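Using the sequences and the accompanying hints, generate a full structural model.
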Amino acid sequence: MGNAGIIDGMTENKGESDAVGGATPAGPRPEAIRFFGTTWVDHDGGYALRRVGAGIGALVAAVAACFVLRFAYEGLQLANTGSFVNVLVVVMFAICSAMAFRKTWEGFSTRPADPDADRSLQGLKAIGFIGSLLAYCARTFVEAPGESLHRKEYEAALAQWTRRKNNPATRKRPKRK
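If you want the numbering used here, it's the 1-based position in the sequence shown plus 38.
Derived by calculation from the structure, the hints in this document are not laboratory data. Just so we're clear, the structure is a prediction, and the values are computed from it rather than from any experiment. Ideal Cβ placement from N, Cα and C applies to all residues, glycine included. Possibly wrong hints are sitting among the right ones.
Claimed, not checked - Here are the simulated distance ranges between beta carbons:
(1) 153 - 124: 34 to 44 Å
(2) 202 - 107: 18 to 28 Å
(3) 212 - 179: 48 to 58 Å
What the hints assert, rightly or not - As a list, the in silico SDA-like pairs of lysine to any residue whose alpha-carbon atoms are at most 25 Å apart:
(4) 190 - 80
(5) 163 - 94
(6) 141 - 202
(7) 141 - 103
(8) 163 - 137
(9) 190 - 68
(10) 190 - 175
(11) 163 - 84
(12) 141 - 197
(13) 141 - 176
(14) 163 - 130
(15) 190 - 162
(16) 141 - 84
(17) 213 - 196
(18) 190 - 153
(19) 163 - 93
(20) 141 - 152
(21) 141 - 127
(22) 190 - 116
(23) 163 - 186
(24) 141 - 119
(25) 163 - 80
(26) 141 - 122
(27) 163 - 100
Spelled out as structure tokens, the structure:
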């Protein structure tokens with residue numbers, strides 16, 4: 039393909055031919071979002087249906103996960119583990135779900151300042167996966183999850199590319215004979 043460089047996570051194409059044989063437009067290309075591809079740029083290609091589908095899918099997955107957790111809780115009750123363990127499990131899932139919701143919601147609008155610290159929260163997000171699913175579902179009512187972050191980065195990359203393209207100092211000079 040014609041990837042000639044990276045600008046803030048965006049791939050840049052210098053107008054070279056792609057593998058199919060057609061010319062691709064010059065400039066940075068938008069980063070694809072899971073389930074939406076690049077339809078978020080112009081809100082085309084079934085963007086609205088994808089948002090509805092992703093929201094319903096996340097909500098159905100969250101409801102199914104609640105049923106699974108309910109069966110696990112009933113298993114704890116059948117095992118006679120005691121009320122302390124039952125309360126501890128419920129409180130743990132509630133706290134982890136709330137924290138996972140918050141971290142997932144924040145992740146749609148900003149990149150983590152410390153990726154290592156964010157990576158260390160993966161276990162918490164795995165335990166509170168219902169909160170992450172609910173955050174994803176709720177975000178689809180506003181936009182494609184992560185769209186504002188990707189749009190901001192894409193527009194910054196376009197502006198940087200345009201400034202470089204229009205800079206007379208970067209233009210190719212004719213070779214001297």
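- Which numbered hints turn out to be false for this structure? Hints 2, 6, 11, 12, 15, 16, 17, 22, 24, 25, 26 contradicted; others consistent.
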